[in-house]
Every structure is written in C-alpha cells, then in structure tokens.
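Enquirer: Below, each chain spelled out in residue letters.
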Amino acid sequence: MRSKMTRVILAGVLALVAMGSVFSASAGAAPQWKFNGTALTGTEDIVGAAISSSLTIPGMTTTCEHFLYNMKIENAAGTGKGSITELPLFECHTASGKCTVEAIGAKKLPWPTHLTTISSNQYLIVEGVEVGILYGGAECALSEVEILVKGTAGGLISNETETATFNSSTFTTTGTKLKVGATAIEWNGVFPTEGFEWHREQALSVG
Amino acid sequence: MRIKSRPRWLMALCCVTALAGIQAASASAHTGEFAKFNFCPSTTTGVVKCINSVTTGGEVVLGTKKVPIVNPVTIQGGLSKATGGNRTFFAATNGITLSKTPQPVPGGLLGIVPPEKSPPLVKALSAFFFENALTGVNSTLELAKPASEIVLNEVNLALEEGVALKLPVKVHLENPFLGSKCFVGSESSPLIWNLTTGTTTPPKGTEAIKGFGGEAEFIEEETLLKIKNSKLVENNWSAPTASGCGGILSFLVNPIINSMIGLPSAAGKNKSELITTSYLATTTSVNNH
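If you read the protein sequences in the order shown, they are chains R and D. Counting from 13, one number per residue, gives the positions in the first sequence under the numbering used here. Counting from 523, one number per residue, gives the positions in the second sequence under the numbering used here.
Worth flagging that the hints you see were computed from the coordinates, not collected in a lab. Among the hints, erroneous ones may be present.
Said to hold, decoys possible - Computed beta-carbon distance windows for the label pairs: (1) G90(R) / G554(D): 26 to 34 Å; (2) N809(D) / E198(R): 43 to 51 Å; (3) N809(D) / E86(R): 20 to 28 Å; (4) P70(R) / I731(D): 20 to 28 Å; (5) A730(D) / T55(R): 39 to 47 Å; (6) G144(R) / E664(D): 56 to 64 Å; (7) G49(R) / F734(D): 44 to 52 Å; (8) F734(D) / T97(R): 44 to 52 Å; (9) N809(D) / T112(R): 13 to 21 Å; (10) T184(R) / E664(D): 42 to 50 Å; (11) N593(D) / K189(R): 30 to 38 Å.
In this text, a Cβ means the ideal position worked out from N, Cα and C, and glycines have one as well.
Here chain D stands alone, though its shape is the one from the complex:
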C-alpha cells in the first residue's frame, strides 16, 4: 500500500514542477523599462510591437450609474503589423490582457427597491444586501471577446482623430447578493467602445466630448515610446440588460438591477473616459532587453 502511494506522490510533485515550468515560460524577464512588457508575446509570429497601458483615472457612466476609475486598470499584450493604421491585439502571456480591477460603485446599489410584487424573501434580501453601507458593489471591466478583437490605432491616438482603441467589454457587477455571474454585456452582446482621443460623434441630442492625445516622449534611445495622460473618450455605445444577477433569483434580481441602472441604455446615455499612460516598443527592442 505504501509502495503504491509513493509514485502518486511523486507524480503529483512532477505535475506541480511541470506546471511551475509552464508558468515561468509564459513570462519573460525583460530588464529595466522593458520589464513592463514581461507578459507581451514578443516571440509569437505576427507580433511586431508590445504595449502596456495603464488607466489611472476617468469614469464609466453606465445608464444612470457613474463609476469613477480609482484603481489602475492595465491593458497589455502584443500588436500586429498595422493594416490601414490598425493593429490587432495578441493576448498577454499571463492571460491578463485586460486586468480585472474592481472599481467601487459610489453608493453601491443603495436605494434599490424591489418591485412591490416581489416575494418577502427577495425584499428582505434586497434590504440586507443593498441597504447596507458595508456591502458595497464593485464594477469590474472585463473583455467580452478574445484579445484579437481589440484594435489599436496609434496614429489616431497621437493625432486626436478617428478611433484610437476599439475595446469589446462587459461590466461585471459584484456583490454577495448578485452572485458571481452578474454582467452587463456578454460575448454575444458586448459593449463596444470605439474610444477616441479626438472628439466623439454621439447620437443627436447628446453633447460630443473631447479627448486628448497625451504627451509623447521617447525614452531608452528612441526604442520606447511613452504617451502619458491620454484621454480616451466614447459616448456612442449602448448597453443591454443585465443578466445572471442573483443566481437562482436572477429572474427577479435582473429586473431590479435593470431598473436601478436604467438598462437597457441607448447609445448617447453612456460614457467612457479613460485617462491612460501607454508604453510601446517593437518586439526586437523588447527581446533585446
């Protein structure tokens, strides 16, 4: 019996070691300023540039809820050769192309009122979870599509015209009562953000907003481009209804969330504003460091 158990133990150890090996292989240890590209697939065929972009401010207005970005959100990965100025993304080697960084929703979902016809249990749970200052709600931006659906146009980014970054996302609302699958947007119905550093073109009746191309600076002898304080804006996106909120009670909770946030929300009612600092380098430079 003992003899039998030893190989299993050894096998497990081998598996752990192998997994650790795979993990280590997925991250490259670049040095100095280039360490920020450790998760760029810089040796993958088709990748010509690496990007690391951190959003440190701005806000997302979804229906009637405004969520300031107070925790840094990272977008990282590889970029293809440009076609008509557009470069498509390659996923980060650690799987975190868009970091799932929770942002607290100011006021949580306080004030939420379940419909009058709701069962007493739902009313009681709503009161417990939403009318409790200790139980806030977090909003996390997640990719709704594969990384290859992200498009970057660095010329538009710098020149303040056209779409600089196309980002298909969904918003994850997190709260013990909402469960782990409460989303606004999905892979089949993503929130498509066509972000610009220029001026937005919202539907009639909504005021256009102006972005900012940021301040460009070359560092490391022209091999690393830093663009700081870009303001990427978009207010021409629509949002579908929430789904998966409240687990088995979703048939009751989804309508409450929709009513609370004002979903579905038509284009022009929503806004994204990302204050971002980005770093760009060619894969040759990255691999040389």
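Bound-form chain R, shown alone:
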C-alpha cells in the first residue's frame, strides 16, 4: 500500500518536473543584444527607418512613408532591454485619401522595451506605446478628432535580416495589443536594426 502511494507521488512529481520544463522552454531564457556575436556591454543607440509601416483601424489604413526610430539598448541583469526615445513620422496618408493625416506623433516617450524568447524565436516587446493621430478632410468621418493609439507591441526579431517585424501574428504570439479605446488596431511594420554609436556596421543579433 505504502509503496503504491510512493509510486503515485513520484509519478506526480515527475509529471510536474516535466511540465515545468515545457513551460520554461516556451517562456525561454532571457535573450540579450549581441554585436558580432558578443553580448553588448554598456549601451548603444539603434537608429533606423521602417522598410514599410501601416496602422489599421478596421476600415481605415494609415501608412507613413517615413517612420523613423531611435532606441537606446543595453543588457541589464542578463536581459536585453532598451527604450525608444524618438519616433518621428512623416508623409502619412490613408488608403482612400478621404481622410488626411493632419498631425501624427509619438507621445509619452521614452517607451521601455525588452527582449523575450517564445518558442525559440526572439521578440522585441515595446511597452507604453502611445501615438496621437489627428485626421482631417471634408468627407472624413473622423475629421477634427485626435485619436490615441495605446498599448504594447511585440515584434519578431530576425538575426538573418537584422530586422524586427510587427504584424497581427507577432502580436498574437506575444499577447500584445494596440488599441484606440476598445477597438483593436493592427500594426504592420518591418524595422531594420542597426547599431549607430559604438557598434556601427557590426552585425546585430539577439540570442
């Protein structure tokens, strides 16, 4: 009787250990910023311009021809972290053209960022995102109204192309969301990542 109970408890413990390892594998070890394969020490500025970027409220897509960013990065306590300090956006327009973009800009900068691993892929999580957009246009249903896009964004990092890609799939995987009020917003963007200060022209990777 006692040995049977011991076997049951042992099996339970083994199952828990197995489950624990599965969870830790999916959550992943904290990734770090690396230049030429070496973990970054100190800080570095990453500057880039989106290869493409658009923001979609259901039924209306706003595209910016020039979507720049400046992110300060570091490895702190073994984890890649950072903060987006600048995010200038230029030449923005909507798909139909009925709504014009009178003003657009990031608010409440800097936005903290950190790296995370999910299912062996590396992601960049941007927190505290807040972008204000003022639309205009005689026929634009949202004219004269400044909307605020708020939330958290998760993008997939590719070491091969040295880019971070944000789309509905990466948002779902990272459990992040951008919203205007209660309405979910889709953000599609591909951002090259490149060291700008101490590590120019060095391969930037995450791992």
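Chain D: place on chain R using the hints.
Expert: Showing chain D alone in chain R's frame:
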C-alpha cells in the same frame, strides 16, 4: 352657397398640399448607408457632422424601479464643430431627436398601495389600474431640454474617459390611470445624464460602474464611422418627485408614485446603462449621397 363652399374646399386642399410639401422638405432622401441621416439638418449653418445612434439594450434604474431597454431608442440629429472636444446637437428635421419609445416597466406598478387615508374612490381606482396584469405601465424617455443642450464628445466616447454624452431627460410614466402628464423630471428640473464609456464617479457608498467604448469601424471608404456596442453608463444622477400623475387626482397619485418608486431619489441610487450603436459622418459626405 355652393359657389362659396368650393373655394373653402380648394383652400383646404391647398393647405394639405402645402403641408405635405413642408413635410417632404424636412426629410432629405440620402442613399444607401447614408439614408440613416435623412433627418439630419445637414444643410443647416453650423452643422458639420450627422449622427444616428440606436440604443438596443441596457437599463434605467430609477429609484427602486429597474426598466430594461427592450425597444430600440434612437438619438439623431446634427453636430456642431467641436469645442474642447464637445459638440452640441442640432435637432433632427422630423422633430424626433430622441425617439419617444415606450419601455414596459416589469410588473407595472403592481403592489401599489394608496395611503390608508385615501378616499375609497382612489383606492378602488388604484386597485383597478395597478393590480391588473393587463394594465401595465410604460416608461418613455423624453428630452427635457432643447436638442442644443445635448453634448457629444466622440473622443471621450472612443477613448473611454470623461463625459461622452450629456443628455437632459425626463421619464414619462404612461398608464390610463396616470394620465398623459405623469413625469419624473421636467424642463426646469431635468434628469442630467453625464454618460461615459469609461468608469463612473458616483457618490461615496455607491460602486462605480464601467462602460465600454465599443468597436469602431470605418465603412464607405472612411466616410462613415460605425461604433457598435458602446456601453454608456452613469450612476451619479438624481431624480426629483413625480408630477402630473393621475390628472385631477395628482395631489393623491403623485405621493403614491413617489412612494412606489422611491422618489425623490438621490444621486447614486439611480443608474443608466445604454448599449448603443452609433453612426457618424460629415455633412459633406451626407450631402454627397
């Protein structure tokens, strides 16, 4: 005699035709999705947007009576240019800015007990009208002030903060015994609803309630904004005593209604919750369709 009567007949016909003409002029025949703005004063100076908002659910708690919204209520009209985010209303061209849609009061006013000192006639009438399941009571929301007193803030509506819709209303209680002038609230003493899609700020001791900004969607190539399933809430409004209930017997019936509903009812004791789908467009878009 006959010759005299013909011009009168003709005059009457002319009047009817003219009236019909006026009626037709007050409604614009917009097409497709924009037909919902047929009664927006879209050509009136100062109107820059049109709104059509239909409340299909929710409830109004007035004192001790809870009335679910089971029949759709429409708010429609024009909107001014925004000042500090707020837009004031312009009345709908058909005069129905807020539709007078009756909502049945569950249980009617069953259980109503006139004061002991009431005359036998009042007791008998109360028993006949209130203790009869066939004679229910309807509650109809009506505007207590001109449409220009309604204020909409679409930014607050979407962003779930601040007052999204300020609505001065009165509640019309309808029942054969109550007569046609039984109201809670009036033009001089309206029920002021400062509705929010965010979180309410009721008096101490009353739990705050949370609204919902709804799901926004652009249709018709960004020219029409649909916000569906917004939940507008407010539980910081007070209600005065009822007035005009029971016609000539109002001096007896008003106190009965007050006692039954718990009026006057202080802020925090009442609640409004409106589940609403709204459509917004600029007058340029509306007039182009």
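Enquirer: Run every hint past the structure and note whether it holds.
Expert: Hint by hint, here is what the structure shows:
no., hint, verdict
1, G90(R) / G554(D): 26 to 34 Å, "violated (59 Å)"
2, N809(D) / E198(R): 43 to 51 Å, "violated (32 Å)"
3, N809(D) / E86(R): 20 to 28 Å, "violated (57 Å)"
4, P70(R) / I731(D): 20 to 28 Å, "holds (27 Å)"
5, A730(D) / T55(R): 39 to 47 Å, "holds (43 Å)"
6, G144(R) / E664(D): 56 to 64 Å, "violated (39 Å)"
7, G49(R) / F734(D): 44 to 52 Å, "holds (49 Å)"
8, F734(D) / T97(R): 44 to 52 Å, "violated (34 Å)"
9, N809(D) / T112(R): 13 to 21 Å, "holds (19 Å)"
10, T184(R) / E664(D): 42 to 50 Å, "holds (47 Å)"
11, N593(D) / K189(R): 30 to 38 Å, "holds (36 Å)"
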